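**Student:** Sequence:
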Amino acid sequence: MRIGIDAKPLSWATEGGISVICSNLIRQLALQSGDHEIVVFSNGELPEIRHVEFRIVTLPGGLARYSGWELPAALRHYGCDALLSLSPEVYRHVIPTVLLVYDIYPMMYEQWLSPGFMFSMNYWRHRLQTRFRLASARRLEGLLALSQCTSDDFRHYAGKLDSPMRVALPGVDAELCHNTWTAGEAKRLVVEQLKIECPFFLYVGAINRQKNVQTIIQAHSFLRARTGLDVALVLVGHPNWPPIDAGDLNGRQGIVQLPWLSKRELGALYASAIALIHLSLYEGFGMTVLEAMSCGTPVIVSNCGSLPEVVGNAGVICEPSDVASVVDAMELLLFNPEEQARQSMLSSQRSANFSWENMAAIAIRLIEDVVHQ
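Quick note on numbering: the UniProt record's numbering labels position 307 of the sequence shown as 307, and the sequence is numbered without any gaps.
Read the hints as simulated data drawn from the structure, not as lab findings. In this text the structure is predicted, and so the values were computed from the model without any measurement. Check the hints yourself; a few may be wrong.
What the hints assert, rightly or not - Derived CB-CB ranges, DEER-like:
no., residue 1, residue 2, range
1, 95, 337, 54 to 62 Å
2, 369, 184, 44 to 52 Å
3, 131, 52, 34 to 42 Å
4, 371, 118, 37 to 45 Å
5, 192, 138, 52 to 60 Å
By construction, the Cβ of each residue, glycine as well, lies at the ideal position given by its N, Cα and C atoms.
All chains should be modelled from the sequences, with the hints used to inform the complete structure.
**Tutor:** Shown next, in the form of structure tokens:
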């Protein structure tokens, strides 16, 4: 069987979770393809995916031309038997198709956005895009969700689905966590190259309201005031919509902002942090939480979306607006080395349950099923 993969998100040249998922899933699909042939399509240059070989076809056009005309024509031209779409939408349905569903967070906007944001063009654009994706998904042969939470939410908003939807949990990028490092080596890289002094708490992801970064900043300020210690908060990522108030960051003591880093630098940050704090108001999966756990880093997360599903029995789970409980969790890990070591062990054990091999195997089985049904 010849499997086409729409890898358009990889050409966006972003450093977020979608790119990590796409590149690692494609690599593992190529390794597990067996008698199947993989053909990867995109409308832009793709980053190198090392140690595997597969055909790459670059097609012309922006979103509408590529998705509506060029990709369907290419699928027929190359004789593909099925399509795995890593793009969030399928414009034209010409062969049996499995869609990877990341999340549907714009449908949750009313739960955590103030009314003023509902007059924004971004608000309505995101909502309409998600409505279109839900409608187009109903006519596809198969759906692949990143978590049980995403699967349940998708079914709730999409209504009746005749096609099968399976859950395939992502793994962790092997290049991220250098398990052979000692704690001293990781901290030396953080201090000497990134100029960050320990101890520090860490957040990795977009700086926006969905990620609830303002509550993390508030909890950090309260911790510093309560303990009198110079504990830093390192924020790795770029601001995007919906933005937090500029006053949440301006003039705050002990906050270090960094852009996206190399995998080596990010792995060292994870390994050196007291804990990763991720209080998102909705997550389809929570890639950075799993990354931190795989580096043996304790995690403090919200009870929203898929985060409890990812964390399991590891980490501390809080209400996203309960600043006091977040501060208590931060203080416990800061002053109790035994508890930090216990949480570190739980993180490592939990992260071992996630693998790209398993995700790819589930994807291949679903593709085989929809072709042969």
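**Student:** Hints first: check each against the structure and report whether it holds.
**Tutor:** For each hint, the structure was consulted:
Range check, residue 95 to residue 337: about 56 Å between beta-carbon atoms, so the 54 to 62 Å window is met. For residue 369 and residue 184, the Cβ-Cβ distance of about 50 Å falls inside the hinted range of 44 to 52 Å, so the restraint holds. The hinted window of 34 to 42 Å between residue 131 and residue 52 holds, with their beta carbons roughly 36 Å apart. For the pair residue 371 and residue 118, the beta carbons lie near 42 Å from each other, so the given range of 37 to 45 Å is met.
In this structure the supplied range 52 to 60 Å holds for residue 192 paired with residue 138, their Cβ-Cβ distance being about 54 Å.
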